[in-house]
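Asker: Each chain, written out:
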Amino acid sequence: MIELNAVAKRFPNGVVALRELSFTVAQKEFVSLLGPSGCGKSTALRLAAGLLTPDAGRIDYPGGKPEIGFVFQEPTLMPWADALANVRLPLDLKHVPRSEAEVRAADTLARVGLKGFERAFPRELSGGMKMRVSIARALAARPQLLLLDEPFAALDEITRNALGDDLLRLWREDGLTVLFVTHSVSESSYLSQRVLVMTPRPGHIAADIALPPGRDGRLAPATIEAQRKISDALNMAGSVGVEGSASVPASDQKRSSA
Amino acid sequence: MKRLLDIALPVLVAALVISAWQWSTTHWQVPTYVLPAPSAIVTAFLNNFASLTAALTATFLITIAGFLGAVAAALALAVLFSQSRLIERSLYPYAVILQVTPVVAIAPLILIWIGFEHITLALALLAGLIAFFPVLTSTMLGLKSVDSNLMDLARLYGASRWQTLRNVQMPSALPYLLSGMKTGGVIALIGEVTAEFAAGSGTATGLAWRITESSNRLEIATTFAALALLAVLGVAIFAVLSLLEWWLLRRWHESAIGA
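Quick note, the sequences are listed as chains Z and X, same order.
Numbered per my numbering, the first sequence spans residues 163 to 420.
Numbered per my numbering, the second sequence spans residues 5 to 263.
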């Protein structure tokens, strides 16, 4: 679905964010991009979305550029528009006729569990509900590739777990390809099929870990085993202790930006 | 209860001040050409009702025309600036120069150029000139204060400039535009009155002219009546614009919620 080949990105202030970054995500795969804050994973995601252009290297979409859905760390909703109009935005921008867009947006809201909240404004919704609207907006244009930038980092653990399960369900139902940026070992061990461990300065992939099936619960032995593998890879990469967040259980973490 | 006090207390203050005013002017027999009693002002207002309301209407219409023209021009220019950094850098300094030059100083030129036969147009232009700048700067700020992630989203979905402007930038800028309009609306009235004074007494028009005329004749009670009408007009313009702001933002903007 997407291939990054020796991609480099330097910020205007001269800091090298990424160097020799290479990875691929296959069709219908659920891949986590895991690393401490500041390792460049958000930059990698923006490059994958085409919102940034690489200074060196190539980004290819072997099957042609897919329809992309993007979920930010913040819900990033339009405060002046109700939930339905927010979800409708991608359809409006793509000139989908209003009546059809309304129906599709309402259906998508229902799929993320927000039936009945079509006319609610963002300020009337909880943090978790706002993130659901944001996910619905990303799904409204029926993307093949869904990119998420630490979407649950600002949510409490209960809400985060519920949203994680919903994301898995939507991924299976829609046959989506998902690239999920996170700094949570437990989240990546449960949600994804494969984890790309990133280390900072400059950001590159330190380990590519395929996770075994059978992780049918957050506390299933296979999930715990996956967490051990990921933590070991992080230790090997030497990133634990540098930023101090990589090995801390997700529930203990406060918000942090990538 | 709180609401009641908000209204009752200022009314009480007004009643006390007016009573004291009325009593002291009668008690010390203050000449009406120095300070007329409130009752004398009311009498002057009633005696000059037709001419004062005509002047009020003229001042009001000229102010509103100038103000609406200024809003349209400022909005158009702010949008143009948001589309092209080059145009903004080329033209913005002139918008600043236009603003920092006092409108009283430009008034004679404008009046001569447009001519006294089109006096209302000249006055509206001067009112608009002074209202233009706050609307322009606040709208510019609004158009620049858009959530950058929302702009990215528009780019991701291949939005055109016009779509981005309509769907994302303009709604984001609306609270800023309305705030600029509140400032602009009130100072448009100041600009109009200043322009009337600059135009002088050769051209009977609005309330400012009535003030000049009545004070020249030492009809100070009429001067006060015209002044009171100007104050009422200013408050009304501000109130209507505040109401418009509240109505447009009541569903989503913090400034209008619970207000």
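One or more hints might be untrue.
[Stated by the list, open to error] Chain X regions said to be covered by chain Z (calculated; three or more residues, Cβ under 8 Å): (1) 155-165; (2) 168-181.
[What the hints assert, rightly or not] Residues of chain Z placed beyond 10 Å of chain X at every Cβ, according to the derived structure: (3) Arg208; (4) Ala211; (5) Ile221; (6) Thr238; (7) Ser261; (8) Leu317.
Derived by calculation from the structure, the hints in this document are not laboratory data.
Don't be surprised by glycine CBs; every beta carbon is placed ideally from N, CA and C.
Asker: Would the non-interface assignment of Z:Ile221 survive a Cβ cutoff of 10 Å against chain X?
Answerer: holds (15 Å)
Asker: Against chain X, does Z:Thr238 hold up as non-interface, every C-beta pair farther apart than 10 Å?
Answerer: Nearest chain X Cβ is 4 Å from Z:Thr238, so the label is violated.
Asker: Check whether three or more residues of the stretch 168-181 of chain X sit with their beta carbon closer than 8 Å to a beta carbon of chain Z.
Answerer: n = 5 at 8 Å, threshold three: holds.
Asker: Does Z:Ala211 sit more than 10 Å from chain X, CB to CB?
Answerer: violated (6 Å)
Asker: Checking a non-interface call: every C-beta of chain X should be farther than 10 Å from the C-beta of Z:Arg208. Is that right?
Answerer: violated (8 Å)
Asker: Checking the smallest CB distance to chain X, is Z:Ser261 really beyond 10 Å?
Answerer: holds (18 Å)
Asker: Count the residues of the stretch 155-165 of chain X with a beta-carbon closer than 8 Å to any beta-carbon of chain Z: does the count reach three?
Answerer: Our answer is that it holds, as 8 residues pass the Cβ test (under 8 Å) against chain Z, meeting three.
Asker: So Z:Leu317 supposedly isn't at the interface. Is its beta-carbon more than 10 Å from every beta-carbon in chain X?
Answerer: holds (17 Å)
Consistency with the previously given hints fails for numbers 3, 4, 6, ordered from lowest to highest.
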